[in-house]
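The working numbering numbers the first residue of the sequence shown as 8 and each following residue consecutively.
Treat the hints with care, since some could be wrong.
Simulated crosslink set (SDA-like; lysine to any residue; CA at most 20 Å straight-line) [said to hold, decoys possible]:
| id | residue 1 | residue 2 |
| --- | --- | --- |
| 1 | Lys112 | Glu81 |
| 2 | Lys112 | Gly41 |
| 3 | Lys11 | Lys30 |
It is worth saying that the hints were derived from the structure and are not from the lab.
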Amino acid sequence: MNWKQVPLGPLQTNCYLLINDQKEAVIFDPGGDGPQLNAYLKKEGITPLAILLTHAHFDHIGAVDDIRSEWNIEVYLHKDERDWLGDATKNGSAFFLGNQEIIIKDADHLIQEEGTLSIGSFKFSIYETPGHSPGSISFYFKPLGIVFSGDALFAGSIGRTDLPGGSHQLLLDSIHDKLLELPEETIVASGHGPTTTIGQEMDSNPFLSGF
8 MNWKQVPLGP LQTNCYLLIN DQKEAVIFDP GGDGPQLNAY LKKEGITPLA
58 ILLTHAHFDH IGAVDDIRSE WNIEVYLHKD ERDWLGDATK NGSAFFLGNQ
108 EIIIKDADHL IQEEGTLSIG SFKFSIYETP GHSPGSISFY FKPLGIVFSG
158 DALFAGSIGR TDLPGGSHQL LLDSIHDKLL ELPEETIVAS GHGPTTTIGQ
208 EMDSNPFLSG F
């Protein structure tokens, strides 16, 4: 079992591949460059089982339909962003990409609440971590001690909260009540930049100094 960070798309958003020993994979946030990602998966002999979205901003969803159609797999998204994939205003592509708006098909599964999610041999704990966006969620994979946190928490920073549906206080509460409750050695696989750990951010992240 292992994982791989693959920066994709116009903002080089971190897509993650979580791969088991049978070379089956779950894909997190394929933000763009779909043909290249498909080619990589085929070259490495990796078979995707599903796409999990931490949230539905344009830079996290750009390759969803390329991957979904190539492998005939399903997409999971939180219910609070159910209509964002097909709405360029809500997913932000209308503002940031101009005439390259991203419009993709609806998610196949809407995550209703916190709990567990099993896909093949993979089992995740789902945490609702809104603040960067209303439907932001984090996926904790205990066997490897890693949490795929999207744009909630970064190395030395936190997600921006000036986009529609964002809330600075709500994001801080999400980080404090959900992510910082994970073991300190937990790897934080963020949507942008390098990975970090919960313990490192507790010790040195200036946005969390009051916790």
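Now the hints, each set against the structure:
no.: 1; hint: Lys112 with Glu81; result: holds, 11 Å
no.: 2; hint: Lys112 with Gly41; result: holds, 15 Å
no.: 3; hint: Lys11 with Lys30; result: holds, 12 Å
Going through the hint list in order, the structure satisfies each hint without exception.
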